[in-house]
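Model the full structure from these sequences, guided by the hints.
Those protein sequence lines, which keep their order, are chains A and B. All letters in the first sequence, in the order written, are residues 881 to 1229 by our numbering. All letters in the second sequence, in the order written, are residues 18 to 372 by our numbering.
Some chain B residues well away from chain A (every beta-carbon gap over 12 Å; in silico):
1. 239
2. 274
3. 286
4. 294
5. 306
6. 309
In silico DSBU-like cross-links for lysine-lysine, where the CA-CA straight-line distance does not exceed 35 Å:
7. B:47 x A:1167
8. B:47 x A:1210
9. B:47 x A:1174
10. B:105 x A:1155
11. A:1152 x B:113
12. B:113 x A:1210
Note that these hints are calculated values from the structure, not bench results. We put the beta carbon where it would ideally sit given N, CA and C, even for glycine.
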Amino acid sequence: MDDILIEKTLYRILQGRLRCSLGDPVLYIYEPSKEIMEESFDIYDKSYKEAYFKGVYLKEELKEVLVYNELWSPYDDREAKKIEEKIEEEKLEAFKFFYKTTDLFRIKIRIRGLEKKLMKVKSKKHTLDHISCEGAASFARSMWIISKSAYLTDGNLYDWSNHTISSLMDYYNSNQISSEIFRSIARSEPWRSMWSIGKKQGNAFGKASCDMTKDQVSLCSYSSMYDNVYESSESPDEKVIEDDDCLDGWFISQRREYEIEKKKRQVDDLIKNPKIAGSDEIFLMAKDQEEANKIFDVNHPAIRNVIRDRQNTIENADGQISFTELNDIKQDIAMEQMQSAKSKIKGNR
Amino acid sequence: MARNQRIFYACQAVAIMGRGAVPTAAGVVKGLQSVGMSSTFTLDQVFEMGQIEIYENIEEVADIEVTLEKVIDGNKLIYDLASGGACKTDVVTATKARCDVYVAVFDDGLSHATGVPRNVCFNSGMFTSSVSYSYSVDGSATESVTLVGNDRFWNGLAVTRTGGDVPVSLTPSGSWRDNEGSLAHTSISQVFDGNHSATGVPGSGVVRRVNVDIAGSTLPAIIRSQGGDDSSTEAGLSSNAHIQSISVSTDFGQENIQELGRFGPYTRYATFPVEVTCDFEVMATSGDLINVSGAAPNLANNELVIKDTAGTIINLGTQNKLSSVSYSGGDTGGGNSTVSFSFSNFNVLTVHGGS
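The structure is reproduced here in structure tokens:
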């Protein structure tokens, strides 16, 4: 990423304002203060009520319209979830294949494609948001916030003689800082040094967290995230940290490992009886399928496959089978045979 | 065989029936907490002179084990179900009694509105191998029983249903029955229809510390020696004995007896004499108060009967002798001092309770 862009954006965040040079005069759009934010909700409520009494649809009611006009269906939500899962898997792959440049390149292309698809699927649900009470109220609130946050360079509130509020709002929205840029700033200089020193002094921005702008809060969050990565005992390579997709993959891999360990601990706490805890198969009582699913979730994914394989084997055997005919037991017996044979041969030497 | 990773099943119900009996609601274990199942395969390798490859790898009969733990709650005890009531009269008869254990498991990945289990694991011709009872100041009183045998069979209940989703009676068949002979005509019926889940109503309530009837129990005098001086109203059933935990346990062994011409064992036997131990942990108000003399015998026989308000009576007979005493705790970390007394007898354990 361009160093100039990183530094420019950093100072925008530090200043808590966006310099807007659409023409004469140059304006600053400041991040809204707590007072403005508080008052903006009055505008929201007022606009919401007005829209509601004019017979504008509620967001919930628009779902029916979306489905009827084939603009969105609950299937799209499921599709979005599936894409998110795919992205997660791809990011994990990216982390695993970090050193295989060609593979990594292909994975990244797939991730970008999936992200575009995800955005498209997710946006379907919001196609008619602007004609809902909530949409109209949010728009009115945003306009009001912009009208109260645009200042001239001399510090005076702008009188909207040359620019319209909507043109400024478009400019503001199109200049939102992406997570990619936040992450680049958070892990590079000059911010990294500012952050380290700021932490020692108490606060990098020299103000309470409730007084920070949302961009400043985001930057602090990302910086803390990178601190945790650097301080981790299993911290990945510096090059991995610099690659957002690969680092996300590292997070996913860490999270999954942690979840497996957590489940193990939960189960160990559940079973006090050492004989049962040491058994090959443990049966925990469940009163319904929901509880049963939670218990099955405790199993390692490989063990889940064993359970499913057992279920299929039993069904395919006309519903009756000796336990020694189950595939995993057969494998265990074969392994035991091999081990016994090995130790016997070694013992005979 | 110890697996690298254990399999966790969601269990719907467990029924213990006399050998060959059709499962009924009366056999469903109430208050069951968890079940563990293991199997051990023994393999014998035969090699041949002049050949590096194995000549034959011979499989011996597999041993299977099922351990069940339930809270003591006034419902039938596992030992009672497994021994067909023989545990109330005689330990020898109880070790000879055989039973069938049915473990019904839920489906993994699907949702049944009725909660009908998908599979039932049928452990046939099981002998009671070990029994233990535990009462402690924390948590519920529990019973743990281990059953051993040689035959395990899985029935797919999900594939055999009537139109109303009711499990059809299934009679296992195949070579696995050979060892069980004519008694292996057990079938799986409607007992696992989703109405006998673990959420039953406790017979008399789960036994907690307040339900242990120390006042009504017969305990050696030394156990009561650490007692306090609260009035009987204040002390309740505790009898001021300051007992922290009681645990009774025994292991019957249950060895296979083979005969020529048969693959499986024709029976199992308990390795008598079996030792029955009873351990007490008592909060110390003085030393362990045990005098030991090198000039004469120190120990006397003690009667031991432990009772709770759920109707459980664990009778260890009259010939229990103190086998060990230990005094621990009271360290600089602020821990309390406790005295642990261990008593033991041989071949005497009867258990009443539950209905």
